[in-house]
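Chains D and B are the protein sequences, given in the same order. According to our numbering, the stretch in the first sequence is residues 1 to 258, in order. According to our numbering, the stretch in the second sequence is residues 1 to 322, in order.
A portion of the hints provided could be inaccurate.
Here are the computed lysine-lysine pairs in the BS3-like style, where the Cα-Cα straight-line distance is at most 25 Å [said to hold, decoys possible]:
{"id": "1", "chain 1": "B", "residue 1": "Lys212", "chain 2": "B", "residue 2": "Lys15"}
{"id": "2", "chain 1": "B", "residue 1": "Lys212", "chain 2": "B", "residue 2": "Lys225"}
{"id": "3", "chain 1": "B", "residue 1": "Lys75", "chain 2": "B", "residue 2": "Lys156"}
{"id": "4", "chain 1": "B", "residue 1": "Lys251", "chain 2": "B", "residue 2": "Lys225"}
{"id": "5", "chain 1": "D", "residue 1": "Lys3", "chain 2": "B", "residue 2": "Lys156"}
{"id": "6", "chain 1": "D", "residue 1": "Lys3", "chain 2": "B", "residue 2": "Lys154"}
{"id": "7", "chain 1": "B", "residue 1": "Lys75", "chain 2": "B", "residue 2": "Lys154"}
{"id": "8", "chain 1": "B", "residue 1": "Lys251", "chain 2": "B", "residue 2": "Lys264"}
{"id": "9", "chain 1": "D", "residue 1": "Lys3", "chain 2": "B", "residue 2": "Lys75"}
Residues on chain D that point at chain B, a partial pick, calculated with CB under 10 Å [stated by the list, open to error]:
{"id": "10", "residue": "Arg14"}
{"id": "11", "residue": "Gln22"}
{"id": "12", "residue": "Arg88"}
{"id": "13", "residue": "Ala97"}
{"id": "14", "residue": "Asn100"}
{"id": "15", "residue": "Gln255"}
These aren't lab readings, by the way, just hints derived from the structure by calculation. Where is the CB? At the ideal position from N, CA and C, for every residue including glycine.
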Amino acid sequence: MTKVIVHSLYMTQRNLMNLLRQPAWIFISLVQPVVWLLLYGQLFRRIVEIPGFGAGSYIDFLTPGVVVMTALFSAGWSGMSIMDDIRRGVVDRFLVAPTNRGSVIWGRLIEFSLTAVVQSTIIIVLGFIIGAQFPGGFPGLLVLVVAAILLGVGIGALSNAIAILSRREETMVAASNFVLLPLTFLSSVFMSQALMPDWMQAIARYNPVNWAVVSGREALTANPDWGVVWPRMLALVGFVMLCGWLAVRAFRMYQRSI
Amino acid sequence: MDSAIEARTLVKTYKGGVRALDGVSLSAASGTVFGLLGPNGAGKSTIVKILTTLSRPDSGEAWVAGINVVRDPGKVRRVIGVVAQNSGLDVNATGRENLILQGRLYGMRGPAMRRRADELLERLGVADAANRIVRTYSGGMKRKLDVAVGLMQKPKVLFLDEPTTGLDPEARVDMWAEVSRLAGQEGLTILLTTHYLEEADHLAQRLAIVDKGRVVAEGTPDELKGELRGDTITMLLEERSLDGLVHRILKNMPSVREVAVEDKTVRARADVGASALPIMLAALEAEGVRVASVTVSRPSLDDVYLRYAGRAFSEADQELKK
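Bound-form chain D, shown alone (with noise of 0.2 Å):
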């Protein structure tokens, strides 16, 4: 048992570490949320003065929309990383060791984790420096913060299983670039729900992205409808156990097939 927790994060640290070494996509990280929140937030910045917005304020609004945006994005692509571990022979010398087989997905998903706990954190200051408003203080950050690592975990946990199976860049970008826009935008994070067409609603229910920023926009409100947060908080939960069991399902089915 201690051997699983003492391994993932062995694992966990080499993938951290792999991460930092790469300066692109640490730049892209940190440059792409700026742009989101500095680009969207000027050119929608009237689109609450339409009736029935619900909010007074775009960046208020955006703020938790970008979190969670970013969050999805940086682990919708994450099975990249696996995939070349895959390729260069990494995945098979853990595995001609006595590594703990599900050390290596577990690792991967506490990195999703932890990476989603610093870009959170952020975008959060950075929306704050821009004159973002979260009245619902530290509680609602925190909400905020938890249903952007289930999301980064589940989503994380669901590209590296396509990752695992498929083994194929293009397949990964293609079901990347299938997946992640339209989530997004069949979610709030752009634009609020009630001013969605209805089919696009009726979607965004079963939208793990929009459960997410529901939740986390709902807890940053003055006076929190936590009937409104709970259940998408503990949708989210089952959304990162389904997707967890299938990579490890996936990783199963990779050692099988050696």
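Following the hints, position chain B against chain D.
Positioned in the frame of chain D, the structure of chain B alone reads:
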């Protein structure tokens, strides 16, 4: 049982019906270098994958250091070191970090682990690059670090899968020297796969020739060569022989055996090459076959391969690359 590696009738079929192994048996004594020689795709890597617990055989059994690889894979992993064909180094980490992570996965820790890492970096001559990112290493340096990583946990059995493939001649000679040094140290058994005949000849005490998923011959390099009596005669024709003409002419000569014709190359064996050669040349000339060049040599592993696999090594290698 004094064999460090023992395999009995291993069979492995991959999805899509490719039969990678078709009943492979072999046995390597403790403290020796055992060579697996064969062209690309012969099944060498599959044998290594099964012996290193990466892959399960469809049938057959195997033991490494006396431990059954199918029933007790966890225990096998504790006593082996693997230098895979597909390196497996973490290219975004430094050389030392690669060794440290390897040590940790085997439960090593603290100053003892660091000392072991330093010792290996020193011994394999990559100490100067220890704190550099592996991505910046040359091919030869990467391969040395691969070996260091495989040795980190002090294995009893070391698997070297094509350790010199892709290396330049200088790095290859370096690697050979390293393998020779390792051989027999602390009772270390090495299983070496290679598709270089001279490498197997040079490094392995015993070897098995693998072709199309089967072991076609096994013995010491000298034994294998000794089974071939006499000299090898190799002729290069000026043009391709038509309709097996050359084959027919030479086959009927009493002093000539094992005639094989491929394209413009003719190979044959004779008890005394120097006396058989003039007769062969005369017979060919009488039929109008023009010979461009001739060599007479003592048997090599190439000849051994030709004899057991029924085709020249280089030809088998090319065939599989297609």
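Hints not upheld, ascending by number = No numbers; nothing is violated.
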